[in-house]
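2 protein chains.
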Amino acid sequence: MALVAVSNKRVILKRYLTACEIGQLGDEMEVVTAEAVPLSVPAGSFAVLVKNLYISCDPYLRNRMIRHEVPTYISDFVPGEVVTSHGVMKVISSGHLDFKAGDLVWGMTGWEEYTLINNPESLFKINYPEFPLSNYTGVLEMHGLTAYVGFFEMSKPKKAASGAVGQIVGQLAKIIGCYVVGSAGSDEKVSLLKTKFGFNDAFNYKKEPDLEAALRRYFPEGIDIYFENVGGETLDAVLPNMRLGGRIAACGMISQYNLERPEGVKNLFYIVTKRLRMEGFLVFDFYDRYYQFEDEMARYLKEGKVAYVEDVVEGLDAAPAALIKLFTGRNVGKQLVAIARE
Amino acid sequence: MALVAVSNKRVILKRYLTACEIGQLGDEMEVVTAEAVPLSVPAGSFAVLVKNLYISCDPYLRNRMIRHEVPTYISDFVPGEVVTSHGVMKVISSGHLDFKAGDLVWGMTGWEEYTLINNPESLFKINYPEFPLSNYTGVLEMHGLTAYVGFFEMSKPKKAASGAVGQIVGQLAKIIGCYVVGSAGSDEKVSLLKTKFGFNDAFNYKKEPDLEAALRRYFPEGIDIYFENVGGETLDAVLPNMRLGGRIAACGMISQYNLERPEGVKNLFYIVTKRLRMEGFLVFDFYDRYYQFEDEMARYLKEGKVAYVEDVVEGLDAAPAALIKLFTGRNVGKQLVAIARE
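From first to last, the protein sequence lines are chains A and B.
So for the first sequence, the UniProt record's numbering puts the first residue at 1; every next one is plus one.
So for the second sequence, the UniProt record's numbering puts the first residue at 1; every next one is plus one.
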């Protein structure tokens, strides 16, 4: 068989960011056209060659653009090399028994047109292609699973009030009857939380000069479940508003948040007096639950119990700007980039 | 029956402390002789009149000497009124069916010779009078129970390494085979931890310029269980040294610690990346387990599996100084005051 090679546009990291830098378009990333790639996997290889359809823009990627002296739970990007994140892909050629050409999968991939994936064991198959495939960068993927395990496993919901952030966790909480208040950074997002997602209430934290007082207003009887990245002023405002025996599920990129606001958390003594539990988790530890989650979330979506909003930009050229947008709060809904529509 | 009345020496609070003030002897407390008290309970009362034998000097008492705008989980002292804490008492006269004259009990009482206790339901009976009665201000009382539930319930010990503070929790950890390193503020205490209490190792934190590095040296494979008041520099040094899935049991008077060191905790993001659980508890929530604990701890003491050191001063006149001593670190072992030997 003759090897067919195609050109491969990609986004590479140009330079490391410093800890407090959000990044500037056109400086830290660059779109280049890399060497042409052959469109089949090398003979004898167990790799999988995929065509990238959608890639996910996530806050944790900023942290990977910083060089860490001490390794974190995920590797730093390397200047000159392709940026990677989760994406939705179509298998073009496979050396692995579990995959065949045409399969739709999600998992870690490159910000480029084609990627050779050497550890296809890390990929998940897409069992519900009837949903928009882009949902597999969010509600039907790691993000949904984070909300799912964070809520049902870590937060041990009973029936009472709950403060929650994020599209999905708040809706999961609504499903089991919690009182849910969301916090967002624009009036447009606040409106979305209350209408599209059915939260009991929501507020714009940028318009609240005293967050602790605002939370007291929204939760006069206190907060049972708090779901967010740990840290800084927000956690300090939440802690005095927690109810006795409350639960804090801590997921995601606290390190990053922390680096930007190094003032420290002062109200930790409420953990003792209010007998709180704060528990950290990384969704990677729950990947064995993925397909169970996928079934359940697919059902919620079909039944209309979970709504989902995406902010899709078109093309790899727009990818660096889409990622930066995330940190200025201008995206509404899950930010992702469409590279190809199959 | 003729009522017999006796004079009643007592320690009263003279003035509130400010948040950062440790207190100065002869200023914030005063020893006075109060009105004579009748030596039997009023007719028809369900109260119990006790003679106080030992009273307990504990860090949380300092916090009760501060006036709080927002109520904490325990009431503030009132200037002019008697200081209260846990103590060991002998019942002199009882209007309550559960108690009779001569009973030995422990519970909340006044820093005075005689106290009329209006809620005797809060008292615990002493079932092992063969131990020094003073042990019922510590190892066989709330403090022992705190170590016991904090370790066995909150910390979920497996079998591996453990950092622990306090006399008792370290010894409980040793009983089930943990590797235990103690931290103390003087060489004398360090020596006590290693010899009398059998800790695997111990160090003087005042001689360690870099606590994080010291912990890395003592726990090259990381810390599974950390047991202490939450907060400040110590927690910041512990967090990077925790092992994946480690447990932090947070008990006691963090608020006080916190007030003295308001710099905030910066390393909380390790809760996420290391999947830690930090859980607060107050021993009051576990009082239903007391008599089960008392049996078990009495057995450990009799078998020599738990050793216990007390620092006893004599007489109510010495009580204010004994409490202050606690905050300068000059006591060795559980600080208490002997008021009477029955």
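The set of hints was computed from the structure by calculation and includes no laboratory data.
Keep in mind that this is a model prediction, so the values were computed, not measured.
C-beta: ideal position from N, C-alpha, C; glycine also.
Careful: at least some of the hints might be erroneous.
Unchecked claim - Below, computed lysine-lysine pairings styled on DSSO-like, alpha-carbon distance capped at 27 angstroms: (1) A/266 <-> B/305; (2) A/206 <-> B/274; (3) B/206 <-> A/266; (4) A/274 <-> B/266; (5) B/206 <-> A/274; (6) B/90 <-> A/266; (7) A/194 <-> A/302.
Said to hold, decoys possible - Over the 10 angstroms line for every Cβ pair with chain A, so calculated as not near, a few chain B residues: (8) 98; (9) 131; (10) 132; (11) 235; (12) 265; (13) 266; (14) 268; (15) 273; (16) 302; (17) 331.
What the hints assert, rightly or not - Chain B residues, not near chain A, derived (Cβ > 12 angstroms throughout): (18) 63; (19) 264; (20) 332.
So, going through the hints one by one against the coordinates:
1. A/266 <-> B/305: Given pair residue 266 of chain A, residue 305 of chain B is violated - Cα atoms ~38 angstroms apart, limit 27 angstroms.
2. A/206 <-> B/274: violated (31 angstroms)
3. B/206 <-> A/266: holds (23 angstroms)
4. A/274 <-> B/266: Between residue 274 of chain A and residue 266 of chain B the Cα gap is close to 21 angstroms, so the pair holds against 27 angstroms.
5. B/206 <-> A/274: violated (31 angstroms)
6. B/90 <-> A/266: Measuring from Cα to Cα gives roughly 43 angstroms; hence the hint is violated.
7. A/194 <-> A/302: holds (20 angstroms)
8. 98: holds (29 angstroms)
9. 131: holds (29 angstroms)
10. 132: holds (30 angstroms)
11. 235: Per Cβ check, residue 235 of chain B is inside 10 angstroms of chain A; nearest 8 angstroms; violated.
12. 265: The claim is violated: residue 265 of chain B sits with its nearest Cβ about 5 angstroms from chain A, within 10 angstroms.
13. 266: At about 5 angstroms from chain A, residue 266 of chain B fails to clear the 10 angstroms cut-off, so the statement is violated.
14. 268: violated (5 angstroms)
15. 273: violated (5 angstroms)
16. 302: The claim stands: residue 302 of chain B keeps its Cβ more than 10 angstroms from every Cβ of chain A (closest is about 32 angstroms).
17. 331: Fine: 23 angstroms to the nearest Cβ keeps residue 331 of chain B off the interface.
18. 63: With a cut-off of 12 angstroms, residue 63 of chain B comes too close to chain A, as the shortest Cβ separation is near 10 angstroms.
19. 264: Not fine: 2 angstroms to the nearest Cβ puts residue 264 of chain B too close to chain A.
20. 332: Per Cβ check, residue 332 of chain B is outside 12 angstroms of chain A; nearest 26 angstroms; holds.
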